[in-house]
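Engineer: So you can see what is in the structure, the chains are spelled out below.
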Amino acid sequence: MQLTWEKLGLVFDPEQISERPDWMVNFAQAPNVVIFDTFIRVFFCCRPKPDENKQFVSYCAFVDLDKKDLFKVLNISQKPLLSLGELGTFDEFGTYPVSVTEDGEDLIAIYGGWQRCESVPFNISLGLARSHDQGVSFTKYGPGPVLSHSPNEPFIVTSPKLRKYNDTWYLAYTAGRKWILDEEGRPEIIYKMRMASSTDLVNWTRLDRDIIESKLGEHEAQACPDIFYAAGKYHMFFCYRQGLDFRSNKHNSYRIGYASSDDLQQWHRDDSKVDLDVSETGWDAEMVAYPTLFELDGTVYMLYAGNGNGKTGFGLAKLHGTLS
Amino acid sequence: MKWQKLGKIFDPSTVTLADGCTEFAKSPQALVFDDFVRIYFCAQKKTANSKYLSCPMYVDFDKSMTHMLALSEHSVIQPGELGHFDEHGIFPFSVTRDDDSIIAYTSGWSRRTSVSVDMSIGFAKSTDQGVSFKRFGAGGPVMAANQHEPMMVADAFVLKINGSYHMWYIFGSHWQKKSADGAAERFYKIAYAHSMDGIHWQRTGKTIIDEKIPDECQALPTVIYAAGKYHMYFCYRSAYDFRQNSKNAYRLGYAWSDDLISWTRDDGEAGIELSDSGWDSEMMCYPNLFETDGQIYLLYNGNEFGRYGFGLARLTEL
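Protein sequences, first through last, are from chains A and B.
Going by the numbering used here, 131 is the number at position 131 of the first sequence; the sequence numbering is gapless.
Remember, the numbering used here sits 1000 above the position in the second sequence when you count from 1.
If we strip away everything but chain A, and leave its shape as in the complex, we get (with noise of 0.2 Å):
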């Protein structure tokens, strides 16, 4: 299988949105489609202005893209998607990242609530909600998590893919394994990606094992594994990076990875099937993360985010060759 991804640019930035709220400042991080009759809609995670204290929460929003022309912004969500959460739970300081995925009617969302702490700077655990009105707003299930930590997966569950496949739901994360200090001693986190399965979204039985070698080594932190079905077989596109100086430095940061699966439990780690690297100059010369797939007449398509994880918006890229 020889696949080549033909980059055709950056697509949305909500800096380049003159008319916006001011809770979409900036960043447009980890988009996810659904595809709807002439648009498809991506929601993603993006910023207000940071606080006193230089500290940014995250909401949940989407923007409509013309299905004739990707390019073409024809809506943007005029209120976040999900509220912060009260005093002292789970998601009172972010929404991020989430991913949205049909239920009949309904759309489903998991996402990351971000919690403060006082030795690291967060913690992430993932919540659930329901959308009635295709994704305009969307209703938690209550008011905690329903994918916290546990024996093997200790702090920061998040990064989540949530993907239905014969009545069954399939969650994939990332669960934190290892907070390591930086040269300055700031903690960083190292997570690993995971899987979890469920038949009523709530009640998550977990794979508990990592799904995905690290092929950076110990410090290799894995994120984003998003599936895509295709041809009999599940497909995935993650990101990785390494343990520390992964912001600024690009050898360090974010990169995309693939792996395939026949039963979605034993995945085969093989990068060189993506070819999709970090441009010499603009929004993606930094770094390439968040991939999503979508198909739209016969077409694959990937979304991914460039510099800052985001902060530079998502681009486009259109898969030539057959996903098999």
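Derived from the structure by calculation, the hints contain no laboratory data.
Hints may be right or wrong, so weigh each one.
Cut-off 27 Å, straight-line C-alpha distance, at most; resulting in silico cross-link-like pairs (BS3-like, lysine-lysine) [said to hold, decoys possible]:
{"id": "1", "chain 1": "A", "residue 1": "K54", "chain 2": "B", "residue 2": "K1051"}
{"id": "2", "chain 1": "A", "residue 1": "K68", "chain 2": "B", "residue 2": "K1125"}
{"id": "3", "chain 1": "A", "residue 1": "K250", "chain 2": "A", "residue 2": "K54"}
{"id": "4", "chain 1": "A", "residue 1": "K7", "chain 2": "A", "residue 2": "K318"}
{"id": "5", "chain 1": "A", "residue 1": "K233", "chain 2": "A", "residue 2": "K215"}
{"id": "6", "chain 1": "B", "residue 1": "K1134", "chain 2": "A", "residue 2": "K178"}
{"id": "7", "chain 1": "B", "residue 1": "K1045", "chain 2": "B", "residue 2": "K1125"}
{"id": "8", "chain 1": "A", "residue 1": "K178", "chain 2": "B", "residue 2": "K1160"}
{"id": "9", "chain 1": "A", "residue 1": "K233", "chain 2": "A", "residue 2": "K318"}
{"id": "10", "chain 1": "A", "residue 1": "K178", "chain 2": "B", "residue 2": "K1046"}
{"id": "11", "chain 1": "A", "residue 1": "K273", "chain 2": "A", "residue 2": "K215"}
{"id": "12", "chain 1": "B", "residue 1": "K1160", "chain 2": "B", "residue 2": "K1134"}
{"id": "13", "chain 1": "A", "residue 1": "K311", "chain 2": "A", "residue 2": "K54"}
{"id": "14", "chain 1": "A", "residue 1": "K7", "chain 2": "A", "residue 2": "K178"}
{"id": "15", "chain 1": "B", "residue 1": "K1134", "chain 2": "A", "residue 2": "K79"}
{"id": "16", "chain 1": "A", "residue 1": "K7", "chain 2": "A", "residue 2": "K67"}
{"id": "17", "chain 1": "A", "residue 1": "K311", "chain 2": "A", "residue 2": "K79"}
{"id": "18", "chain 1": "A", "residue 1": "K215", "chain 2": "A", "residue 2": "K7"}
Reference listing, derived: stretches of chain A covered by chain B, where coverage requires no fewer than 3 residues with Cβ under 8 Å from a Cβ of chain B [to be verified]:
{"id": "19", "stretch": "87 to 95"}
{"id": "20", "stretch": "111 to 118"}
{"id": "21", "stretch": "141 to 147"}
{"id": "22", "stretch": "152 to 162"}
{"id": "23", "stretch": "240 to 247"}
Glycine residues also receive a C-beta, built at the ideal position from the N, C-alpha and C atoms.
We have chain A; now place chain B onto it with these hints.
Structural biologist: Frame of chain A; chain B shown alone:
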């Protein structure tokens, strides 16, 4: 129920506590051996930023409960690693027998920025008769917040009965301020969970003990079987002004059950109240029931959440 108070039996200020702890002996919990009773408790030390860190340790008593035999040389479990749910201490620490094994359910503390803390329940096992405990798996919690129980999941008390595990514990519903400029206080209640393996728990999201006072918080359930019924003691207080104001401070409550599931609260039957003066005259909290040599005892803390140690009462009428 009628209890005879035997007074304070352990005062942390009279001994050298393990691991640099200097104060408190909170939440005494007994583990009965053939010829002695091991009482686990949580002592505290101050960390560099002047916050408290709780460390579980134990003291051994002879069966008459009057002579101290030994004091643990170390905490029985160390605080969790960076970013873990129990990084900022363990309190309470609840030990139980699982056939031939000794297991513990820990309440781990993790400090937050908007509120002071969050808590989850961990699991640990001892292979040296309860001198030290090792965490299960990679050290994460066996029970954390979920959709109906959004915070402060703690105070586990577990009994293995007829091959399965029964847990009584608390969860927090919310933090609330009484007035705009007041501090946010946590609200929590007692709940129940069931497990076949002691690790994976089925929860109901429901509270099981009726409220008695306004803004009631309930904590630290302890259960014992006697005379054909299950008996639960717990402590309860007002969510507000409970540290300095004795009227709002912890008291002991009582409930009974025939089936481990539905409980009837009847504090009038608790049979134990504040003393007129002394170490347990303003507050009574963190009860623990145990039986040894046919005698049922109640361990508990008094004023200031156990700063001055713990005491004992003997059941005289059931």
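Engineer: All hints are to be evaluated individually against the structure, with a verdict given for each.
Structural biologist: Each hint tested on the structure:
1. In summary, the hint linking K54 of chain A to K1051 of chain B is supported, as the alpha carbons are separated by about 25 Å, within the 27 Å threshold.
2. Of the supplied pair hints, the one linking K68 of chain A and K1125 of chain B is violated, its CA atoms being roughly 61 Å apart against a limit of 27 Å.
3. With a C-alpha separation of about 24 Å, the suggested pair K250 of chain A and K54 of chain A falls inside the 27 Å cut-off, and the hint holds.
4. Restraint check for K7 of chain A and K318 of chain A: satisfied, since their Cα atoms lie roughly 6 Å apart, inside the 27 Å limit.
5. Under the criterion of a C-alpha separation no larger than 27 Å, the hint pairing K233 of chain A with K215 of chain A is consistent with the structure, at around 22 Å.
6. A distance of roughly 18 Å separates the Cα atoms of K1134 of chain B and K178 of chain A; the hinted pair therefore holds under the 27 Å criterion.
7. A hinted pair counts as satisfied when its Cα atoms are at most 27 Å apart, and K1045 of chain B with K1125 of chain B qualifies at roughly 24 Å.
8. Annotation: proposed proximity of K178 of chain A to K1160 of chain B is violated, straight-line Cα distance about 33 Å (limit 27 Å).
9. Between K233 of chain A and K318 of chain A the alpha-carbon distance is near 20 Å, which keeps this suggested pair within the 27 Å criterion.
10. Only pairs whose Cα atoms come within 27 Å are accepted, and K178 of chain A paired with K1046 of chain B is accepted, the gap being roughly 26 Å.
11. A hinted pair counts as satisfied when its Cα atoms are at most 27 Å apart, and K273 of chain A with K215 of chain A qualifies at roughly 14 Å.
12. Restraint check for K1160 of chain B and K1134 of chain B: the C-alpha separation of about 20 Å stays at or below 27 Å, so the hint holds.
13. As the CA atoms of K311 of chain A and K54 of chain A are separated by approximately 15 Å, the hinted pair is consistent with the 27 Å bound.
14. At most 27 Å may separate the alpha-carbon atoms for a hinted pair to count; K7 of chain A and K178 of chain A exceed this at roughly 34 Å.
15. In summary, the hint linking K1134 of chain B to K79 of chain A is not supported, as the alpha carbons are separated by about 48 Å, beyond the 27 Å threshold.
16. For a cut-off of 27 Å, the pair hint linking K7 of chain A to K67 of chain A stands: about 18 Å separates their Cα positions.
17. About 20 Å separates the Cα atoms of K311 of chain A and K79 of chain A, which keeps this hinted pair within 27 Å; it holds.
18. Of the pairs offered as hints, the one joining K215 of chain A and K7 of chain A holds, with about 25 Å between alpha carbons and a cut-off of 27 Å not exceeded.
19. Counting residues of the stretch 87 to 95 of chain A whose CB lies closer than 8 Å to any CB of chain B gives 6, which reaches the minimum of 3, so the coverage claim holds.
20. Requiring three or more residues with a Cβ within less than 8 Å of a Cβ of chain B, the coverage given for the stretch 111 to 118 of chain A holds, as 4 such residues are present.
21. Taking a C-beta to C-beta cut-off of 8 Å, the stretch 141 to 147 of chain A contributes 6 residues in contact with chain B, enough for the three needed, and the coverage statement holds.
22. Against chain B, the stretch 152 to 162 of chain A contributes 5 residues with a C-beta closer than 8 Å to a partner C-beta. That satisfies the three-residue criterion, and the hint holds.
23. A count of 0 residues in the stretch 240 to 247 of chain A with a Cβ less than 8 Å from any Cβ of chain B is obtained; the coverage claim is therefore unmet, three being the minimum.
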